[in-house]
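Student: All chains, full assembly: derive it from the sequences and hints.
Chains as they are written, first to last, in my numbering: chain A, 864 to 1377; chain B, 705 to 1045; chain C, 161 to 493.
For the record, the hints were derived by calculation from the structure and aren't laboratory data. Hints should not be assumed to be uniformly reliable.
To give an idea of the chain B side of the interface with chain C (calculated C-beta under 7 Å), a few residues [said to hold, decoys possible]:
1) L842
2) I858
3) V1017
4) S1023
5) V1024
6) A1031
7) S1034
All values derive from a computational prediction rather than experimental measurement. All residues carry an ideal CB built from backbone N, CA and C; glycine is no exception.
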Amino acid sequence: MTQLMSSEMAQPTLQVENLTKTFPGVIALDDVSLEVRPHEVVGLIGENGAGKSTLLNILSGLYAPDSGTLKMNGKEVSFKGPRDSARAGIGMVHQEQSLVSAVSVAENILLGAEDQSLTAGWYRWSSLNRRAQRQLDKIGSRIRPTASLGTLTFAQKQMVELAKALAVEEEYDGQPVIVLDEPTSVLESDDLETLFAEIERLRQVASVVFVSHRLDEVLRVSDRVYVMKDGRCVAERDPKTVDVDELYRLMVGRESSGQFYREAQQAPVRDAEPVLTTKGLTKKGCFVDVSLEVRPGEVLGIAGVQGAGREELSRVLFGADSYDAGEVWLSGKRVRFSSPVGAVRAGIGYIPTERRLEGIAQGMSVKENVLLADSRAVSRGPFLDPRLVKELVSQWVMKLNIKTPNIDADVANLSGGNQQKVILAKWLSSPRVKVLILDHPTRGLDVGAKEDVYALIRELCARDMAIILLGDTLEEVIALSHRVVVMRDGSISALFEAAPGRKPTPVELVKWMV
Amino acid sequence: MHTLEKLRDRASSAVGLTGTSSHRWASRLINAGPVVALVILVAVFSIANSTFLTGGNLQTIGSQLSILLVLAVGMTFVILLGGIDLSSEGVMAASSLVFVLLASNDRNGNNFGWMAVAAGIGTGALFGLVNGVLHANLRIPSFMVTLGTGAVGIGVATVLFGGQPPRLMDASLRTWGVGSWLGVSALLYVALAVLGVALLVQRYTRVGRYGYVIGGDEAIASLSGINAKKYKTGAFVISGTAAGFAGVMASAQLDVGDVNIGKNLLFTAISAVVVGGTVLSGGRGGVLKTFVGSLIIVVLGNGLILVGVSPEVQIAVQSVVIVAAVAMTSWPLRRRVRVVK
Amino acid sequence: MDGVTPMTEMTQTKNVHVGAGSSQSRLIAILPLIVLIVLVAAVTIRQPSFLNIRSLQSLSISLAPILLLGLGQTFVVLTGGIDLSNAALASLGTVLLAMWLPHFGVGAAALMIITLTLLGFVVGWVSATAQIPTFIVTLGAMGLWGGVGMVLTGEATVQIGSSYQAIAWVRDTLFLQIPMPAILAVGAVLLAAALMATLSSGRKFQAIGLAEQAVLMSGGSTFLLRCVAFALSGLCAGLAALVLTASQYSGAPHLADSLLLPVIAAIVVGGTAITGGRGGPMRTLVGASIIVVLRVGLSAIGVDAAYEQVVYGAVIILAVALTIDRSRMQVVK
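Tutor: Written as structure tokens, this is what we have:
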């Protein structure tokens, strides 16, 4: 399919108009509009939670927008699933690979679209391979369509993903749009150069949307850059002339409300030995040489984009994952946990991101959930004392303001905020917890619930709890923490003091994150 | 520039073999493993017992192989999906009785000849269809569904059995059962033909190809618009048909319809598939691998008997082998916080 | 928001959750009991002698092994797994008991039960360590115990001679007209139910069945609990073996094998979900009673015993289809 090089006034390939999408408790996309023109590379940047993923999921047909329109080459389109999106000419290269190892490259490229190459249910391999080869040729790849996917290197698999995305061109009569979602986060420098060369070559046959948190790469490759923040598309800039600081401000600059985060209640940390220390902690493929410490009554915030290694680090500290090198010290003693059992016994609590799967036990009552980590306080010997149980659980329900019909109600029916409070109650009701790791604790919570959590964090500090906080937003991390560690690509890039009144700004932090 | 090469390893390990040279060697070694094991076994047994490589013994191996191969080949399609078919013995029993009672036998006046064969195989297909539909649509785990239908199969066979085995009288069918051609038993030719058909299905049809996709990652399959239910059902129909076929073959071989005709073959078939290299979690393997696995199992069984190990021990050994093989292939997937029921 | 994957969205909207107290779960709790009552009534109408002492006594004797094996199975199923090997283990138990009685007298029973408990523990340990599905480990164990039993006995039944006296009490004792096997079985069930309700770790099996990840991430030792569930299954298999040996006067390698299907049927018909987390010993008591009464009922209306297998198979599939908690199973294999 040959395309004439279009002029600036030609119709855009993809038009996103006034797209809005909300989830319970959060507005993911708020009236977003942007466009992609023929033979163009458009960059999309924004911090975590800006709405990039949601936008991409809508473009690929996984979600339907609440309102707004999508147009491909002037024609309005709506998708009921990923196949529709592909048929409309949008090819997506996801962050997580969507390939099947056991079948060939050609089968992967044309997965679900083999119809043309079948006669009466019988595969015509020559046809399938030919069609796959055509896509591979477009990106100049030397991978053979007949190769089994399992034998390829990771970078080669990326190429196959690209070819798979390009295959949408078969069913679409017009120039496709190829969306690359964080394509470089796992590539080495040689492969990076190859990718950039591919993108240049792609221009001739498609338009490209390049989504990444790596500012320098986006700026290098794109013709235009959109900045997203808080679900909105806040700016469009020319990469060649834009000031990087301006981009940072656009990405994270906000009116900060110290009151919301109870900044006034942030008391200075008393001088004491750290409760938890790590020295040179390394996990292959996740993080390298992480050394940090937390003192009793301190909140240590860890900032970083997705993939920087924060979540993996917090899981390792809790014993939920192994590590390859380094040391962990708890209350002056070297510890090595082979599972969360040891960590919990030693006094570490963890509030996970995956609340529904790992935080609460769905199907069990509020009462049972609160006692999940430690039921010694309400037991007489091996037996539970129902009176003590009722007393303790009711106490915590009141204290944390957990809205539930009664303590025997199924915790799965509570709202997200109340579930989070139940998880908090679980750890707080255990007297031995001295370190609490909070992994995105206010995600999906409404404002009231968030305030409750912030107030609770201040209270815990007053009672000498050491807290490691992976915040949802930069504001949250900065406002709540005594010190903030910034991680980038697996290592610590900066450390900030964050006493009340002398807090760093998000702009200062984001420079070290991207 | 950002050059954390270890991030690449993490991502690649998430999608399986990386394809770096060391992993390519490892996967080649694993693929070659069963064949090497087979060669070693043959060598060991021929040294240990001089009768191992005689024509007579080889023919015995051949005819033992035939029924197992058909069963295991069918089972492969289900295991590729990540499921399992525990109904084989019941389906074989039901097919066996249906077949014998419709062919010329000593119990009634039927004489449907080849139609009886078709009916026996069809019985298997029917059970397979039920398995597939219940599993794919009601989302009942495959081991549970097939446990239930297997019981139904045994029950149906028991009812048809009526206390005494009906004997097969049809002469032409009996020659297929016990005859041989060029020193190789007729049933082995049949089994190899079935293997050939299975190979074609695996290589050239959607049921075959999508089995790998659904077994590898069902989420990817549905995102690509594949109707997983249809192909899952198809795999179970194949497995059931194969079991039906095996039941008919066994009846032709033994001249009777019997409820116990498939006794212990379930373990043996699963062992053959697993030992051959098709993993129980699905997504990897194939019928040729099952062929090698079946050879290994039969050679192992035959050789052990020749050196004086009793058949009872074999069942025990096979069971341990199944678990060991599964444990070995699953070992690299172990994680601290992982739930496997 | 970043991190909200399509899967999360789908389960949020399709949360057809069989929660504690939902109407589906209440139905599942009550229905089996109703079925049992209706069944007993139906059989009694057909065969009025059903409710007389003799008949009930013999019913309770045939109930005992199924109930004991069912109890053991219940522990495993509550955690979300399945034990396909407990009937075969019980068979092995009868062989061991028959072989050891002449040497150890009544101590042989204790020894056999301890052995089976340990064997059960090993099976659970293998499954938990290698992180492989329980159905495959117990499928293998089933074959292994059968093979061991056959090797020990040369496929023959082991007759017990005069040493039977040591365990004669198991069969012959009557307490308030109730035969000892039934007392053992029902007693075990009641004890288990009581312990589950009062021990602080009593609901741990259910917790693992419902939300194993959450239990792990709360510091619960699911590994140990899985092993214990299987050990208890072995213990119950041992008790079942004791009862069986006493009533058969012998031990044999495949004595209890045919009980696997009725036992599984008893569990699912009683309302314990095969996915784990819901159910318990009392439900198994109801389920086992249904199975046993059903058997009597079928023969009372003249159905050939050969149809039993068909009934079990169909019942299992039906009951599982009704009780399975689909909201928690995204990919079914």
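Student: If a hint holds in the structure, say so; if it doesn't, say that too.
Tutor: A quick look at each hint next to the structure:
At a threshold of 7 Å, the smallest CB-CB gap from L842 of chain B to chain C is about 5 Å, leaving the interface hint in force. Evaluation of the I858 of chain B hint against chain C yields a held restraint, the C-beta minimum of about 5 Å falling below 7 Å. Because the smallest distance between the Cβ of V1017 of chain B and any Cβ of chain C comes to about 6 Å, under 7 Å, the interface hint for this residue holds. A least Cβ separation of about 3 Å between S1023 of chain B and chain C falls short of the 7 Å threshold, and the interface hint therefore holds.
Satisfaction of the interface hint for V1024 of chain B is found here, the shortest Cβ-Cβ separation to chain C being roughly 6 Å, below the 7 Å cut-off. Interface restraint check for A1031 of chain B: the shortest CB-CB distance to chain C comes to about 4 Å, inside 7 Å, so the restraint holds. A hinted interface residue such as S1034 of chain B counts as satisfied when its beta carbon comes closer than 7 Å to some beta carbon of chain C; here the least separation is about 5 Å, so the hint holds.
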